[in-house]
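*Asks:* In case you want the letters, here they are:
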Amino acid sequence: MPNLVRLFLRRTLPLRKSIVLGFVALASSVSASLTTTDVMASYRDNVEPLFDNYCYDCHGFGTNEGGVTLDEFTTETIQDHELWERILRNTRAHIMPPLEEAHPTAAERSSLAAWIKSDLFAIDPANPDPGELTVQRLNRIEYSNTIFDLLGVEFDATDTFPKDNSGEGFDNIGEVLTLSPMLLEKYFDAAINIVGDAVPTDPLVLPTDTLSGSKLVRRFSSSPLPDDESDDYLQLSFYQPSQRTASYRIDEAGHYQVTVKLKPQSFVSFQGFDYNKCRLRFSINDEVKIDQEFENSSGKVFSYTFDYDWQPGEQSFAFSVEPTTDDPERIKRLKMRVDSITVTGPHDRQHWVQPEDYDKFFPGGVPSAPAARLAYTEQLLGDFATRAFRRPVDAETLEHLVDLATSVSAQEGYNDEMGIAQAMVAILASPRFIFREESPEFLYFFSEKHPFIDEYSLASRLSYFLWSSMPDAELFALAAAGQLRANLDAQFERMMADDRSENFFSNFAGQWLHARDIGSVNINSIEIWLRDNPDPEMFKSQRAYQVVREIPENQRTSEQQATYTRTRAIMRKLYDMKRPKLSPYSELRAMREETEMFFENIIRTDRPLAELLDSDYTYLNEALAEIYGIEGVKGKKMRRVQLPPDSPRGGILTQGTFLAYTSNPTRTSPVKRGVFILENILGTPPAAPPPNIPSLEDAASPEELAQMSLRETLALHRENPLCASCHERMDPLGLALENFNAMGMWRDAELGQPVEPGGQLVTGEKFDSIQELKHILATDRLRDFYYCFSEKLLTYALGRGLEYYDTAALDSMVDALESSGGKPSSVFHALIHSAPFQKTRHPQTSSPSAHASVPPR
Amino acid sequence: MPPSPLASSLNRRHFLKGLSACVALPAFSSLIPSNLSATASARASATSSTGAPLRTAFINFPNGAIPAHWWPEGGLTDFRFNQTLEPLADLRSSVQVLSGLDQLNANPGSDGGGDHARGNSVFLTGVRIKKSATDIRAGVSIDQAIAREVGHTTRFPSLELSCVTNRRTGTCDTGYSCAYQYNLAWKTPTNPMTPESNPRRVFERLFGEGGHGERSANAQARMMNHRSILDFVMTDAKRMQSRLGLRDQEKLDQYLNGIRELEVRIANLEKFGAPADPDLATPAGVPFSHGEHQDIMYEMMLLAFQTDSTRVATLMTAHDGDNRSHEEIGIPEGHHELTHHQNNADRIAKVARIDRWYVQRFAKFLERLREVQDVDGNSLLHNSMIVFGSGNADGNRHSHDNLPIILAGHGGGELNPGRYVQSGSKPATNLFLSLADKMGVSDLPRLGDSTGLLAGI
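Protein sequence lines correspond, in order, to chains P and S. The opening residue of the first sequence carries number 194 in our numbering; numbering runs sequentially from there. The opening residue of the second sequence carries number 71 in our numbering; numbering runs sequentially from there.
Rather than coming from a laboratory, the hints here were simulated on the basis of the structure. Please note that the accuracy of each hint is not assured.
The calculated lysine-lysine pairs, modelled on DSS-like cross-linking and capped at a C-alpha distance of 27 Å, are [unchecked claim]:
hint : chain 1 : residue 1 : chain 2 : residue 2
1    : P       : Lys-482   : P       : Lys-456
2    : P       : Lys-470   : P       : Lys-528
3    : S       : Lys-200   : P       : Lys-865
4    : P       : Lys-456   : P       : Lys-528
5    : P       : Lys-493   : P       : Lys-528
6    : P       : Lys-493   : P       : Lys-356
7    : P       : Lys-829   : P       : Lys-528
8    : S       : Lys-434   : P       : Lys-493
9    : P       : Lys-356   : S       : Lys-200
Note that the structure is a prediction, hence the values are computed from the model and not measured.
Produce the complete structure using the sequences and hints provided.
*Replies:* Listed below in structure tokens is the structure:
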């Protein structure tokens, strides 16, 4: 459109002042039931002039940059919530209109936001739509934790069940937690295994003493060991000789069995097969019982059982290991782990004992008189089912369970305990255990459009949010008395102080900040080192080696063989050279802990959230401090470290977790880092790349490309307007971090070219260093961060993706943060009192249901 | 808390001692497959003309293949393998190289980015998947469509395997739920068939826990135990479903579906007797290297076919978009990263080596299938139809037409291997429809974007 015409149109608009006044008047008259005609009318009066002024140059009059059209609304199309949510988000974050164009005043922006929320989204601030949850299936971690709290058994669901689908960045989103037939079978198998392991169905058992973990270590070490050495004491290196002895006292004469479990293990993550072997000898009372050579065997457990007739007294166990190969290629740090020693006996029945936990499951024992036995069974199963289903069990179900127990125990070879245990298997396999149901029947008693959820449901929401597990006895008791809601804040405090809140920190931060993934990240330390310390001779040797090693030895010419020998020696020196590495058991683990501890500290001590972005301290141990180039930190233990005043470190963005996770195996990726910041810090994710992206080759020739630095290559992104709109946002952020290589180490240059971190955000702020960027994010863009954090937290707490009507809850969370100076306690408080967390849609007004008219029982 | 190994206690063994068959099995009509009597086509389900079982499998490899090194030169029967497919040279008479097959629904269209989520999930379904992080909707995959009809012939209707152990948390391919990227097989448009990646668990599921000699008894005891609680959980689920809204009922449907399959498995115990118990050690667990992982999963598939535990299988060797390094062959760069080679010769060569490496593992599998004798004296390979391909064609361009696909096996005599079949431009789903037809599936008029059967294979 010719400029002249645009100019003309602009001049005929009413003065800005009157637009604002119009908004204020409308926003204060909240109407929850505007028809689309009303909305169209109000749009024409209040919003269209604003759009005409600031938006139509690109999004109207036939142009639709980014596929967005803002001048063609009709009563049919005006309710495109997704579009309006984007408009709200982008105008709030000052991304739209772009910096160089005319832009609205702050008052105009907030008026637009208010209009969207009140008229278009039709949010009634007094009673906003709380949305609804699907029945939430327990994910793996929740399942393991719940089993532990219910039965005291450690069941590792992450080892047995397939990985959960995730959505919106988290693995507790009900909608995507599907249940395949295979998973169902696993639930059934798990129920049997768990009950079989936990519930002692024999009132008398063979005495068994299993020594493993720290209990086993204490037997063998004469003096107490510090924590970090204790783990390793019974993991004997393949490469050097060692001995371990222990004594074991027998009190009763009789027949005993000793079972020893051994596990050869490897401790480095990649690079080839370690061929070293060792010989292990195990003796009991100086008699050699095991004398065997072991090699790397992928985690296989070797089990040996020996029988003895013993008199009371001290018996001795002794291990010795000696290496049997001396291959210098000790690639895998192989160790022989003594996993456990189990002693059972005496085997004579008269010495059998009641199992340790028998009383826990069958207090007082099962009565033999029929009436008493029935009552006992009913009581036991009623309690267990209530806890497992997380709400009181109904009479009909209980009757069914008791029948099951009785019919099983009536069978040949089965006792009462086994009958009850089988009923417990049924409970654990039931959908009421596997899914969190929120009792829709209860809601029919209410006439409000958005009733409060019942107290048991509230208890579950709280406990799965903060503990990733079932409610405890105190929460149950309060819910039963209808007093949970009244005591919400006190309970929240208690739950956060409880050890189980560790789950919140590791699961939320683990996924939001990817601390969970850092242990398995794949970074090639050699390639990274070469990139930062380029050596043309080394490159040539490397290339030559790769070519010549592909040729089988018997087919090489003598010249090729000479090249092979020469370059292999160079490669050997390179690999053996002392250089920084990221090992999963050391540096990567420290990175995860740094992120988790840092986050946890800010939440627990109620530090301003801005400190997550820009702080003057972090958590380190010696290994990680070395990666960061920080001196004076010794030992394996992670501890809080005050950073030097000019340090670039401090805050999430300069932590190894973020820096390594967003990199490729052999180099950094500024684009991935930029995207991470947009998605997880600023909450303004870029749109998906458009179809038919022209390739980079079209922009420059291969020779030109080869000469360019990464910054120059990325600058090509911004020459094409199609690419620029997103890359202008992502690239400066990623490039600001280029001083940190893919391992999180500081560097001044890459491939011989100095790094230039300076840049400008699309919202106008300029920075010359990472310190300046962090400061900008923590001040100018703090509100954006508050919104992003609130969104992530609310998504995780609810277990569903957010919809347009959740804006009300988000606003209250952000307002709380702004009023309190960014204190986490304020945002948690706002969250647990918000409508989405406390309420749900009435079943009759929710998604259409064939059973909506069925009254509850 | 650190997990402790599950103690195998006397309690557990006692427990599984075989709950007597006195416990009544709930009478559900769902147990009787609806098409047992329907034999409109003369072809018997999943059986060759010699009466041997007929198997089909679908295997993917990630990120497409360098076209210049994949496609053979020459014509229908006088073609010459190129370097990527060279490992198949010895198996020439048992494979077909297929060109001109497309999965156009994997193209961006109006959905924009996400070619790996699409490449992966469209590969066996042929539909335009729904672009959403939480509201997943794909289509029924070909293996499940086949299993639905022929699954009743074996103890397991189908087997889903994978070599992917490491799933990222967070978001996956631009706006698509991670479910799309980690599943090949889809039972319904909203329920993916989660694959098993631990070879030990695959083995135990097929044959039972414990050592050789104990397994069948263990497997049967387990099934009997499941049977004893079926009545209770079924009632519980149905009552729960009646309380829920429509959207939630779908979730319970998935549960009930699982129950039905379990019932069939229990009934199969009577129908087929105890499962086989191979004289082999149970695999220890997930191997360290990716190459070994593939080898052992291929071996599991072979065992499953050999013991006729199933006749339909899928294997995901790596998800599309996979960015792992291939240290085993000296390539440290990320695979996905390399496939965006920008025409750099060095990077192209590396990708081609990775492509060839995947083909080598597949070739090893085919050789094993050829070694093993089937019930009719032919090899297992003779009585199989195995698809090996990728949902992406040229990884650099994210194209989805002319996909790299190999069809191995003789289909019990129904196929014509040893040829390079160029179909011009046809939906890959036509190939799938043809395979279903040869498997004796009578009730599948179309799949995804299919337009009919594929001629010439």
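*Asks:* Are the hints correct? Go through all of them and say.
*Replies:* Going down the list of hints, with the structure as the test:
1. Distance restraint check for Lys-482/P and Lys-456/P: the Cα-Cα separation of roughly 17 Å lies within the 27 Å cut-off, and the hinted pair is therefore satisfied.
2. Distance restraint check for Lys-470/P and Lys-528/P: the Cα-Cα separation of roughly 10 Å lies within the 27 Å cut-off, and the hinted pair is therefore satisfied.
3. For the hint linking Lys-200/S to Lys-865/P, the alpha-carbon distance of about 24 Å falls within 27 Å, and the restraint holds.
4. Pair hint Lys-456/P plus Lys-528/P holds up; C-alpha atoms about 8 Å apart against a cutoff of 27 Å.
5. For the hint linking Lys-493/P to Lys-528/P, the alpha-carbon distance of about 13 Å falls within 27 Å, and the restraint holds.
6. Between Lys-493/P and Lys-356/P, the direct Cα distance comes to roughly 23 Å. Compliance with the 27 Å bound is thereby established for this hinted pair.
7. Note on Lys-829/P and Lys-528/P: the hinted pairing holds, with a Cα-Cα distance of about 20 Å set against a maximum of 27 Å.
8. Under the criterion of a C-alpha separation no larger than 27 Å, the hint pairing Lys-434/S with Lys-493/P is consistent with the structure, at around 25 Å.
9. Restraint check for Lys-356/P and Lys-200/S: the C-alpha separation of about 21 Å stays at or below 27 Å, so the hint holds.
Against the hints set out earlier in the document, no violation occurs for any number.
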